[in-house]
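One line per chain: the protein sequences are W and G, in this order.
Going by numbering that gives the first Met the number 0, the first residue of the first sequence is number 0, and it counts up by one from there.
Going by numbering that gives the first Met the number 0, the first residue of the second sequence is number 0, and it counts up by one from there.
Please note that a few of the clues may not be correct.
To be verified - Derived DSSO-like pairs (lysine-lysine); straight-line CA-CA distance at most 27 Å: (1) G/274 x G/264; (2) W/276 x G/58; (3) W/289 x G/92; (4) W/236 x W/178; (5) W/223 x W/13; (6) W/223 x W/236; (7) W/276 x G/92; (8) G/237 x W/1; (9) G/237 x G/140; (10) W/183 x W/236; (11) W/276 x W/223; (12) W/183 x W/308; (13) G/237 x W/276; (14) G/96 x W/289; (15) G/264 x W/44; (16) W/306 x W/236; (17) G/96 x W/1; (18) W/13 x W/1.
Said to hold, decoys possible - Derived CB-CB ranges, DEER-like: (19) W/172 x G/212: 56 to 64 Å; (20) G/209 x W/61: 23 to 31 Å; (21) W/284 x G/111: 40 to 48 Å; (22) W/267 x G/51: 35 to 43 Å; (23) W/267 x G/260: 57 to 65 Å.
It should be emphasised that the hints constitute simulated quantities derived from the structure, not laboratory data.
No residue lacks a Cβ here, since even glycine has one placed at the ideal position from N, Cα and C.
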Amino acid sequence: MKALRDVFGETLVKLGSTNPNVLVLDADLANSTKADKFAMAYPAKFLQMGIAEQNCVGVAVGLASLGFVPWLSSFTVFFTHRAVDPIRMLVAQTHANVKIGAAYSGLLTGFTGKTHQDVQDLAIMRAMPDMTVVAPADAVEGEAIIRWATEYQGPVFVRLARDASPDIFDQQYGFAPGKTITLKDGGDVLLISTGPQSVRCLQAAELLQEQGISAGVLHVPSIKPVNQEEIVNAADKAGLIVTVEEHSIYGGLGGLVAEVLSETSPHRVIRFGIDDKWGESAPNDFLLDKYGLSASRVAQRVVERLKAKK
Amino acid sequence: MNTNADYSELENLARQGRWLAISTVAGSGAGHVGGPFSAMDILVALYFRVMKVRPEEPKWPERDRFILSKGHSSIGQYAVMALRGFLPIEELKTFDKGGSRLQGHPDVTRLPGLETSTGSLGQGLSVGVGMALGARMRREKFHTFVMIGDGELQEGMVWEALHIAPRYQLGNLTAILDWNGLQQFGWVLAINEQHRGDRRDPWSRIDLRGIFEKLGWRCLEINGHDFSEIIPALESAKAASDSDQPTMIVAHTIKGKGVHFTEGKHEWHSKVATKEELSIVANELGIAESAV
Ligand SMILES: Cc1ncc(C[n+]2csc(CCOP(=O)(O)OP(=O)(O)O)c2C)c(N)n1
Ligand SMILES: [Mg+2]
Numbered sequence: 000m001k002a003l004r005d006v007f008g009e010t011l012v013k014l015g016s017t018n019p020n021v022l023v024l025d026a027d028l029a030n031s032t033k034a035d036k037f038a039m040a041y042p043a044k045f046l047q048m049g050i051a052e053q054n055c056v057g058v059a060v061g062l063a064s065l066g067f068v069p070w071l072s073s074f075t076v077f078f079t080h081r082a083v084d085p086i087r088m089l090v091a092q093t094h095a096n097v098k099i100g101a102a103y104s105g106l107l108t109g110f111t112g113k114t115h116q117d118v119q120d121l122a123i124m125r126a127m128p129d130m131t132v133v134a135p136a137d138a139v140e141g142e143a144i145i146r147w148a149t150e151y152q153g154p155v156f157v158r159l160a161r162d163a164s165p166d167i168f169d170q171q172y173g174f175a176p177g178k179t180i181t182l183k184d185g186g187d188v189l190l191i192s193t194g195p196q197s198v199r200c201l202q203a204a205e206l207l208q209e210q211g212i213s214a215g216v217l218h219v220p221s222i223k224p225v226n227q228e229e230i231v232n233a234a235d236k237a238g239l240i241v242t243v244e245e246h247s248i249y250g251g252l253g254g255l256v257a258e259v260l261s262e263t264s265p266h267r268v269i270r271f272g273i274d275d276k277w278g279e280s281a282p283n284d285f286l287l288d289k290y291g292l293s294a295s296r297v298a299q300r301v302v303e304r305l306k307a308k309k
Numbered sequence: 000m001n002t003n004a005d006y007s008e009l010e011n012l013a014r015q016g017r018w019l020a021i022s023t024v025a026g027s028g029a030g031h032v033g034g035p036f037s038a039m040d041i042l043v044a045l046y047f048r049v050m051k052v053r054p055e056e057p058k059w060p061e062r063d064r065f066i067l068s069k070g071h072s073s074i075g076q077y078a079v080m081a082l083r084g085f086l087p088i089e090e091l092k093t094f095d096k097g098g099s100r101l102q103g104h105p106d107v108t109r110l111p112g113l114e115t116s117t118g119s120l121g122q123g124l125s126v127g128v129g130m131a132l133g134a135r136m137r138r139e140k141f142h143t144f145v146m147i148g149d150g151e152l153q154e155g156m157v158w159e160a161l162h163i164a165p166r167y168q169l170g171n172l173t174a175i176l177d178w179n180g181l182q183q184f185g186w187v188l189a190i191n192e193q194h195r196g197d198r199r200d201p202w203s204r205i206d207l208r209g210i211f212e213k214l215g216w217r218c219l220e221i222n223g224h225d226f227s228e229i230i231p232a233l234e235s236a237k238a239a240s241d242s243d244q245p246t247m248i249v250a251h252t253i254k255g256k257g258v259h260f261t262e263g264k265h266e267w268h269s270k271v272a273t274k275e276e277l278s279i280v281a282n283e284l285g286i287a288e289s290a291v
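One chain only, chain W, in its complex shape (with noise of 0.2 Å):
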């Protein structure tokens, strides 16, 4: 069990001894993100850009523009809200060779409150022609998202959560963009996820079975480009359909897998995430349990759900 930021970190010490072409670029908080490990590893291939993240992206699309492969340091909200402009223009429309690291993503982001929470960034970035989203759930997969996306030519969104969350991949695992996983099988409700809730969903699905409901875990960890089918597939098997995400309900998770089954295959879709409102500062078993993504409230709402069907 290890913090996504230092997966993210580590991961990048790594691939600085064996890719030349990898550089971090840090709106100073690479102490946060965990960006650090690399500056004290390699002091000459990080590049301090200051508080200053449109620039810092700039900076990033032209040094792609000469074979590097820039890694951007700092929060989420600061890419997707303060930086979204040249991230759009510069990046995406270019298809630059730009790796957005977007540390403290969603609602735990160490007591920094609703400035700070970013539960709109899957929607934003989502709706950007030629980007790659993605949010792994734990250790192993962050650091297989992060090494992909490194070899990948053009812009990829790492979602990465602040805190750890316990392993649920083991070193076989090996990331395909687009591919869901299925993480339990279950029929009476499947839980749709990514990122570390789809951690808190596997453990709602025990804490179901402990009721007698049978619930299965379908983990998203691509968000764009997504395999509708495997979607599709695992929908039509299910008694109820649940999506859960550390983000709004509009337009993230929850909005993708509307939009897919009701093009191909319809069925009724319950978003929980954070239902149009902002977040606030908290411990993190505060938030989830107020916004209900904790694994119990995740559990008793399905329980709900399931009663208020028949």
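Place chain G with the ligands on chain W using the hints.
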């Protein structure tokens, strides 16, 4: 010129403010220390001497406006607001806890007495420009103060505001630069390189005063920890309200000022003091041990 003795009450308040800030952060398990400490003396001067405010009537239309653009230093502002009577000192304990009015970053929708929300750096001065412009258009007499960080000054949006304020001749606007020489991670010092803090000053060898003056700001340079310089500068800025130039107060400060082990240390940007550290802090700030 006043003697230091005249400011002993303010100095005492600043010590209490620092104590409330660091002990509140320790109690909540998260928050910032370095930025609140470097800003503390100026915050005390603003709230206790310079600004017209009514803690019991926070929306009083004639109040002077203050925006802490470097919103991560919120606990410094909350501590001073509590000492000034805007909120009970007891309430500081709720900082960063769910449901609190005292959010990690200042939230204008929750705490009366704040003028806007900040936290994403670089945006407060623009709001200050708008308030000062609006005051001129409505012939209101209040003054608007905005504090920005030296790291924050790297944000492009700050420069957009720096450009526009002199154009509209906003004498009723004052920016205060908390030039404490450190940001969060910054630039590692080369061997034998000397700086005020343990990282390179974000603006080392740059004539910021000259730049601000060329942009059209009236510039005052002060030691941001000496009330005999802080008060006259803030008062002269306020007295220039009807003039045609905004004022920039370049305050030279020390990040983490007030406690020997937090001063000039970038890691105290955001850090939680241990119980042992807190008792050293209490001792250095002259706070009764029973408070620890
Ligand atoms: C737009 C934006 N980028 C990054 C951050 C993260 N951050 C919070 S404080 C800080 C350093 C601020 O340094 P400075 O302005 O010098 O403040 P001080 O030294 O007074 O703490 C950073 C990078 C932020 N809050 N907003
Ligand atoms: Mg600073």
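Results for each hint:
no.: 1; hint: G/274 x G/264; result: holds, 19 Å
no.: 2; hint: W/276 x G/58; result: holds, 26 Å
no.: 3; hint: W/289 x G/92; result: holds, 20 Å
no.: 4; hint: W/236 x W/178; result: holds, 18 Å
no.: 5; hint: W/223 x W/13; result: holds, 26 Å
no.: 6; hint: W/223 x W/236; result: holds, 23 Å
no.: 7; hint: W/276 x G/92; result: holds, 25 Å
no.: 8; hint: G/237 x W/1; result: violated, 53 Å
no.: 9; hint: G/237 x G/140; result: holds, 10 Å
no.: 10; hint: W/183 x W/236; result: holds, 13 Å
no.: 11; hint: W/276 x W/223; result: holds, 25 Å
no.: 12; hint: W/183 x W/308; result: holds, 23 Å
no.: 13; hint: G/237 x W/276; result: violated, 39 Å
no.: 14; hint: G/96 x W/289; result: holds, 12 Å
no.: 15; hint: G/264 x W/44; result: holds, 25 Å
no.: 16; hint: W/306 x W/236; result: holds, 19 Å
no.: 17; hint: G/96 x W/1; result: holds, 25 Å
no.: 18; hint: W/13 x W/1; result: holds, 16 Å
no.: 19; hint: W/172 x G/212: 56 to 64 Å; result: holds, 59 Å
no.: 20; hint: G/209 x W/61: 23 to 31 Å; result: holds, 29 Å
no.: 21; hint: W/284 x G/111: 40 to 48 Å; result: violated, 29 Å
no.: 22; hint: W/267 x G/51: 35 to 43 Å; result: violated, 59 Å
no.: 23; hint: W/267 x G/260: 57 to 65 Å; result: holds, 59 Å
When the structure is compared with the earlier hints, violations turn up for hints 8, 13, 21 and 22 and for no others.
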